[in-house]
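Residue numbers (the working numbering): 1 to 443.
Just so you know, not all the hints are guaranteed correct.
Here are the simulated lysine to aspartate or glutamate pairs, DMTMM-like style, with alpha carbons at most 20 angstroms apart [unchecked claim]:
1) Lys183 / Glu259
2) Lys332 / Glu350
3) Lys151 / Glu216
4) Lys113 / Glu153
5) Lys248 / Asp217
6) Lys183 / Glu409
7) Lys248 / Asp315
8) Lys224 / Glu259
9) Lys151 / Asp217
10) Lys248 / Glu216
Note that these hints are calculated values from the structure, not bench results.
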Amino acid sequence: MPSLTPLHETYCKWDRTPPSQADLLEGVAQVVSTPLNHVARELIQTIQHEVISSVFGISRKKSTKLKNNSNIQKFYKYSFDTIQDYGSQYIAPGLRQIITKFPTLHASPLTPKQHYFVGALNGVCGDYLLKQQNPISLPMVIYDHYGSVQKGELTGHVVLFIHGLCMNHLDWSNPQFGGIGEKLLAQRDHNTMLYLNYNTGRRISSNGHSLANTLEDLIQRNPKISSLSLIGHSMGGLVARSALFYAKQSLHSWLHLTENLVCIASPHHGAALERFSFNIQNKLGRFPVVRIFGHLFNIRSNGILDLRHGSIRDDDWEYNDARVGFIDDHRKPAPLPSHIQSYLIAGSIEREKKNKTSRHLFGDYLVSIQSALGEHPNPRLQLNVSDSHKAIFYGLSHFRIHHNSSVAEQIALWFYPFQQENSSEQVHEYFINLDRYNGIALT
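Sequences are here, hints too, so could you generate the full structure?
Rendered as structure tokens:
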């Protein structure tokens, strides 16, 4: 089944070379020298309009008339042109002179800090960067366990890690934690850990198409790969599910090699933070001055918008592209492939197990336990994963859960269970001592 928007195929055929340090400087130069688009201009004028009507007590009719005054419009044009001129005549040339003076920057990969900056920028406005063909709009690239672009032949079992919103491929480890990949590498031979980096500001379904095509290309180039496992954190779990959905539609061969899917704190039925920001726009519009912040809430990428309900299909959003006000959940079902072992992990900021109400209200700050475990009152949207394939980690927030040794241990037990272990039919529950980072299994 071809994707519904041509941009998906176009994007997948682009050069997959990751941005260099020269690309970073050129990308910033383009951002500061690009004319403010219609949305940005309208936002600035709206904020000024709200200040005039609310702070100075001028009626909305008079403030609107003042805003549309020809002299005021000329002032706006002069101001916007001045901002653009400063960026295009001073900042951008200065950045490009650095590129010219240091040609080795073209071959210099981004540093870890630059990766974090570019990843965060793509998460916030990656759809805009892609539309402008900005060189810091991230392509979809696979890296090896040591942070280099994947090269060479692959064999055996391959595990692909898919990061979440505003993150990057380096986010799976930190100075205190070697990463889930380290734990899995220690379990058996012929294990290969790979890490995906991508533009999280794009639509989740767009990234799903790209990932499906990327994995098909990987399998075709490496016929000795025997099996695949996908591990996604947050948005990464949704991108993995979307790729599986479109791989089935396109009859991709990699789908039949996929054995495991692990989603860590993924908002399968939406993230509370996005729904909060979406709804608050409508509520803030009722109050003077404060409605300014409602307009600011609207500055977020399409990728963030998809987290509202966990949309992973094109037809979840193509005819419901609302950014403000309330909107119902119109998602279409996207069942998990039956031949794949699927595992769902949820976090909770609570230090202890509480009643079912808390499972719905509380989670890891961003994602409720119910959403992370794929539970939904509508049977059509249920992910139908058995309880023994679910785990809850009490005491871990959204941004700590994929850096915890107990989480890595649970994934390793799922992938490589001990023969003498008695399998439990209950949800695995852990209490995490954050001071010592040790997990105590409750079940």
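Hint-by-hint comparison with the structure:
1. Lys183 / Glu259: Status holds; Cα separation ~18 angstroms.
2. Lys332 / Glu350: With a Cα-Cα distance of about 32 angstroms, the restraint between lysine 332 and glutamate 350 is violated, given a limit of 20 angstroms.
3. Lys151 / Glu216: holds (16 angstroms)
4. Lys113 / Glu153: violated (29 angstroms)
5. Lys248 / Asp217: holds (15 angstroms)
6. Lys183 / Glu409: Holds, because 7 angstroms separates the two Cα atoms, which is no more than 20 angstroms.
7. Lys248 / Asp315: holds (16 angstroms)
8. Lys224 / Glu259: holds (16 angstroms)
9. Lys151 / Asp217: Status holds; Cα separation ~13 angstroms.
10. Lys248 / Glu216: holds (12 angstroms)
In summary, the structure is inconsistent with hints 2 and 4 from the numbered list given earlier, while agreeing with the others.
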